[in-house]
Amino acid sequence: MATEQKGVRLEHVSKIYQDPKTKKDFYAVHDANVNIEPGSFVTLLGPSGCGKTTILRMIAGFESPDEGEIYLGDEPINELTPNKRDTAMVFQSYALLPHYNIFDNVAYGLKLRNMDKEIIREKVIRILGLVGLEGMEARMTNQLSGGQQQRVALARALVIEPGVLLFDEPLSNLDAKLRVDMRNEIRRIQQEAGITAIYVTHDQSEAMAMSDEIIIMKKGLVAQIGDPHTVYYKPADEFVADFIGESNFLRGNLTAKDGASGVVTVEGNSIEVSSVDDDVSVGDTCSLVLRPEAAVLADEGVLPAKVILSRFMGHYQNYHVMVGDTLIKITDFNPKNHKIYDVGDDAFVAFTKDDVHILPTTGEKTA
Amino acid sequence: MARSRSAELDRKKLFADPILIGTIVVLIAFLTLFILYPLAVLMVDSFITEEGPTLSIFQRVLAMPNFRTAIANTLKVGFLVGVLSTLVGLLFAYVEEYVQLKTKVMDGLFKVVSMLPVVSPPFVLSLSVIMLFGRAGIITRHLLGIPDNNVYGFWGITLVQTLTFFPVCYMMFKGLLKNIDPSLEEAARDMGASRWKVFTSVTFPLILPGLGNAFLVTFIESIADFANPMIIGGSYDTLATSIYLQITGAYDKDGAAAMAVVLLVITLIMFVVQKYVLEARSTATLTGKASRARMLITDNSVRIPLATICLLIAIFVVGMYICVPFGALFKTWGRDFTLTTKWFEQIFTRQQGFKAFQDSFILSLIASPITALLSMIISYLVVKRNFKSKGFIEAVSMLAMAVPGTVLGVGYIRGFSGGLFGSGILQGLYGTGIILVIVFIVRSLPTGTRSGISALRQIDKSIEESAYDMGANSFEVFMTVTLPLIKDSFLSGLVTAFVRSITAISAIILLVTPRYLLITVRINELAEKGAYGSACAFATILIIITYGAVLLMNFFIKRFGTSRAFVEEED
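Heads up: the sequence lines are chains H and B, in that order. Going left to right, the first sequence walks through residues 0 to 366 as numbering that gives the first Met the number 0 numbers them. Going left to right, the second sequence walks through residues 0 to 570 as numbering that gives the first Met the number 0 numbers them.
No lab work stands behind these hints, which were simulated from the structure alone. Possibly wrong hints are sitting among the right ones.
[To be verified] Calculated lysine to any residue pairs in the SDA-like style (CA-CA distance at most 25 Å, straight line):
1. H:LYS5 / H:ASN183
2. H:LYS83 / B:LEU482
3. B:LYS11 / B:ASN385
4. H:LYS83 / B:GLY21
5. B:LYS196 / B:LEU210
6. B:LYS486 / H:PHE102
7. B:LYS252 / B:VAL264
8. H:LYS110 / B:LYS383
9. H:LYS22 / B:LYS387
10. H:LYS176 / H:GLU160
11. B:LYS460 / H:MET207
12. B:LYS12 / H:GLU10
13. B:LYS387 / B:ILE27
14. B:LYS252 / B:LEU482
15. H:LYS233 / H:VAL295
16. B:LYS12 / H:PHE25
17. B:LYS486 / H:ASN183
18. H:LYS218 / H:HIS29
19. B:LYS11 / H:HIS29
20. H:LYS110 / B:SER461
21. B:LYS11 / H:GLU10
On a predicted model such as this, the values are computed, not experimentally measured, just so you know.
All chains should be modelled from the sequences, with the hints used to inform the complete structure.
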């Protein structure tokens with residue numbers, strides 16, 4: 000495809016809104032600095048109200064930033080209207096034009112560009128083939144299923160060969176099974192078309208499955224930018240650790256540090272660790288992040304614990320144990336041949352030093 | 000932190016769209032010039048004389064016993080009409096929504112009753128009341144043997160206005176009652192309440208703000224009404240007719256301006272209360288759509304009396320309208336009931352009927368597409384776009400709703416007869432057909448805008464955003480997306496504007512010059528002269544025209560409307 004891949008850069012971008020009730024201004028997006036590489040698939044991920052959609056709409060031009068500058072490729076685009084920007088958006092509600100059939104919907108952007116009829120026809124047919132809707136040109140939009148409407152919306156955005164493709168939670172109106180199919184489809188099509196894509200979602204599994212890079216947002220701030228591995232295994236803070244997957248947090252003290260390795264004391268137990276965040280120095284209180292699936296219950300291990308919940312879930316055994324005053328959740332996968340602990344049993348939480356990540360304590364208890 | 004930067008960027012984006020900016024500028028100029036300016040001139044005229052600001056004009060006007068009586072009359076009639084219309088409207092809506100009627104006849108009758116006042120000229124009912132209950136009235140003279148019954152005055156106006164305006168209330172209540180979740184009432188029933196108790200403790204409190212809303216809407220309509228008091232008022236003056244007489248009879252333009260200000264202030268206050276206090280509240284009480292159909296009342300002790308009352312009223316109303324064509328077909332109403340076509344012939348041979356229809360038709364035909372398009376553009380800007388002067392545009396176009404036609408007419412006389420502020424600029428407008436077209440537009444704009452706004456609110460914002468995002472500019476978005484999606488609303492706005500224009504009289508009668516003959520003005524003249532045969536002939540043809548327009552609209556909506564496009568190629 001002839002698409003010219005464009006990157007997107009946000010420099011110190013902020014957006015201020017007014018709370019309609021209190022009439023107070025607040026930052027919907029605060030000092031966002033983001034550099035999206037041409038051709039990459041980047042997800043804006045965060046809970047509702049974190050500012051992710053606002054960023055997307057600022058890139059599309061529907062909202063104007065209050066601070067900072069947005070670049071599309073090398074061009075500053077703050078003053079451009081949405082129709083002048085080389086972006087195309089796939090809307091949450093699909094936003095198909097109900098008075099046009101599929102062909103006219105997809106051809107809409109091309110007709111605006113005054114293209115030759117034959118070329119339009121050819122392009123539309125090819126793109127409908129790419130999204131798996133060949134032969135459906137004459138249907139009206141209300142004759143399509145949700146998934147098909149989604150494909151039309153995608154085709155319509157792709158066909159104008161934009162520099163950047165924008166997705167605003169496009170799968171949230173689909174049922175769970177279709178969602179999984181469609182996210183694989185979107186990723187495939189994006190890679191085939193070789194187009195830059197920015198994708199807003201609050202669904203972390205979607206973000207993990209599709210993205211080259213994930214931008215995690217929290218209350219208007221960019222909490223972390225990184226590839227799926229990094230944000231999962233080396234979360235920047237407790238918010239990220241808790242938002243992506245599930246995490247246990249154990250409060251401790253860093254007693255020794257050598258590069259990324261160190262020793263943390265938790266409830267009087269010294270634990271060797273290999274992944275210490277740069278911000279943590281010796282003597283600091285810190286949080287030890289332990290994923291439920293990274294720990295097992297054993298007769299010997301790192302931390303002594305008491306089982307307060309033990310439940311068989313089929314493909315895993317679910318435990319809640321107390322280490323001192325801290326609740327730890329453990330998921331023991333494929334438990335068929337494992338020893339099962341019952342409520343009231345004493346046991347040890349076992350994990351290796353590579354399975355935990357050490358963060359500075361933010362004081363904000365998220366677990 | 001400041002939001003000024005984004006505001007500035009938004010402004011820059013707006014200015015990057017010259018068509019949009021041009022439209023906004025033209026709109027603001029139009030609204031200012033033809034709605035705000037005439038009203039401002041009235042204020043200036045009635046407060047400022049050559050000696051400077053003064054209240055003397057008001058003192059003079061208010062000292063006239065006739066005017067004081069007119070104020071009292073207007074308020075009295077308005078209040079009673081408001082109460083009666085609300086009650087009758089509620090009864091009709093309740094029967095339609097709650098009572099099992101079963102018959103097609105009843106359904107049809109209800110539909111006719113709700114549509115008749117929309118398609119008929121405003122004074123038709125006055126004509127038929129005179130013909131039924133007046134001195135030569137069929138009912139009073141021939142059935143009851145009362146030789147000179149006086150229908151002119153308070154009761155005549157009240158009767159006619161109630162019958163004219165209650166369908167408006169009926170439609171309002173129908174909407175309200177439809178949105179009450181039946182399970183609320185079922186819950187009350189379930190806990191042991193009788194039907195009457197359910198009505199007084201659940202249904203009634205829920206629609207109470209709507210009741211106030213309907214009352215004020217009819218109250219405003221009643222005090223702004225010119226045509227009916229003119230024809231059936233006799234010596235019973237109301238504000239609207241006093242203002243008219245002050246200008247056409249006493250040639251007292253300052254006095255008329257002051258009177259118009261009094262009328263305007265009264266309607267404005269009510270309008271503000273209605274619009275901003277009651278309207279918001281009457282919809283806020285009702286949350287969401289009814290979850291499922293209501294169990295209709297089948298109990299005959301409720302059904303028969305309620306249905307009978309409605310049936311009688313409906314038959315009465317329909318009968319009144321049927322009276323009009325017969326009025327034109329009888330040789331001499333009340334004396335000689337031989338059928339004749341002489342009245343119809345006469346209006347064309349002696350009353351310049353052809354020119355009247357031609358003028359009315361052409362002017363309305365010019366005004367209606369402009370009105371429809373303007374109101375769709377205003378609705379689009381108000382609902383879908385964000386810019387600084389949006390509040391102004393919305394407020395002024397809604398304000399036009401609260402301005403009685405007579406007031407607007409006086410404002411135009413004062414504002415344009417000597418050009419802008421007496422400077423001679425735009426003086427050429429006065430007395431032309433253009434100013435009549437403009438009055439038609441201004442008078443129908445609020446209704447069209449309101450229906451456009453509600454139609455546009457139904458459309459997901461992202462549909463237009465998607466078109467915008469694909470590269471369409473505002474104009475292209477409006478033409479290819481917005482307008483096609485509100486085609487129905489546009490079509491009905493077109494026809495409503497046409498019907499309203501061709502049946503308009505209050506503002507027009509003050510502005511029309513001998514160059515133009517308008518049907519409504521002719522009917523008014525003939526009715527005043529007592530030439531009911533010719534008046535009825537005119538009115539009959541007018542009703543046929545308007546009804547034809549509505550039929551045409553329904554046909555087009557069915558054929559080409561949005562809803563059809565969606566189901567195309569179903570199966």
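Quick rundown of the hints versus the structure:
1. The suggested pairing of LYS5 (chain H) with ASN183 (chain H) holds, with an alpha-carbon distance near 23 Å, which does not exceed 25 Å.
2. In summary, the hint linking LYS83 (chain H) to LEU482 (chain B) is supported, as the alpha carbons are separated by about 22 Å, within the 25 Å threshold.
3. With a C-alpha separation of about 13 Å, the suggested pairing of LYS11 (chain B) with ASN385 (chain B) holds against the 25 Å cut-off.
4. A C-alpha spacing of about 19 Å is found between LYS83 (chain H) and GLY21 (chain B), which places the hinted pair at or below 25 Å, so the restraint holds.
5. Between the alpha carbons of LYS196 (chain B) and LEU210 (chain B) the distance comes to roughly 18 Å, so the proposed pair stays at or under 25 Å and holds.
6. Of the supplied pair hints, the one linking LYS486 (chain B) and PHE102 (chain H) holds, its CA atoms being roughly 21 Å apart against a limit of 25 Å.
7. For the given pair, LYS252 (chain B) sits about 18 Å from VAL264 (chain B) by alpha-carbon distance, which is consistent with the 25 Å threshold.
8. At most 25 Å may separate the alpha-carbon atoms for a hinted pair to count; LYS110 (chain H) and LYS383 (chain B) meet this at roughly 23 Å.
9. Simply put, LYS22 (chain H) and LYS387 (chain B) have alpha-carbon atoms about 18 Å apart, close enough for the 25 Å limit, and the pair holds.
10. For a cut-off of 25 Å, the pair hint linking LYS176 (chain H) to GLU160 (chain H) is broken: about 29 Å separates their Cα positions.
11. Pair hint LYS460 (chain B) plus MET207 (chain H) does not hold up; C-alpha atoms about 30 Å apart against a cutoff of 25 Å.
12. Pair hint LYS12 (chain B) plus GLU10 (chain H) holds up; C-alpha atoms about 20 Å apart against a cutoff of 25 Å.
13. With a C-alpha separation of about 12 Å, the suggested pairing of LYS387 (chain B) with ILE27 (chain B) holds against the 25 Å cut-off.
14. With a C-alpha separation of about 43 Å, the suggested pairing of LYS252 (chain B) with LEU482 (chain B) is violated against the 25 Å cut-off.
15. Restraint check for LYS233 (chain H) and VAL295 (chain H): satisfied, since their Cα atoms lie roughly 20 Å apart, inside the 25 Å limit.
16. Only pairs whose Cα atoms come within 25 Å are accepted, and LYS12 (chain B) paired with PHE25 (chain H) is accepted, the gap being roughly 23 Å.
17. Of the supplied pair hints, the one linking LYS486 (chain B) and ASN183 (chain H) is violated, its CA atoms being roughly 39 Å apart against a limit of 25 Å.
18. Between LYS218 (chain H) and HIS29 (chain H) the alpha-carbon distance is near 9 Å, which keeps this suggested pair within the 25 Å criterion.
19. Taking the CA atoms of LYS11 (chain B) and HIS29 (chain H), the gap is near 23 Å; set against the 25 Å cutoff, the hint holds.
20. The suggested pairing of LYS110 (chain H) with SER461 (chain B) holds, with an alpha-carbon distance near 20 Å, which does not exceed 25 Å.
21. Pair hint LYS11 (chain B) plus GLU10 (chain H) holds up; C-alpha atoms about 20 Å apart against a cutoff of 25 Å.
The structure does not agree with the numbered hints 10, 11, 14, 17 stated previously, though it agrees with the rest.
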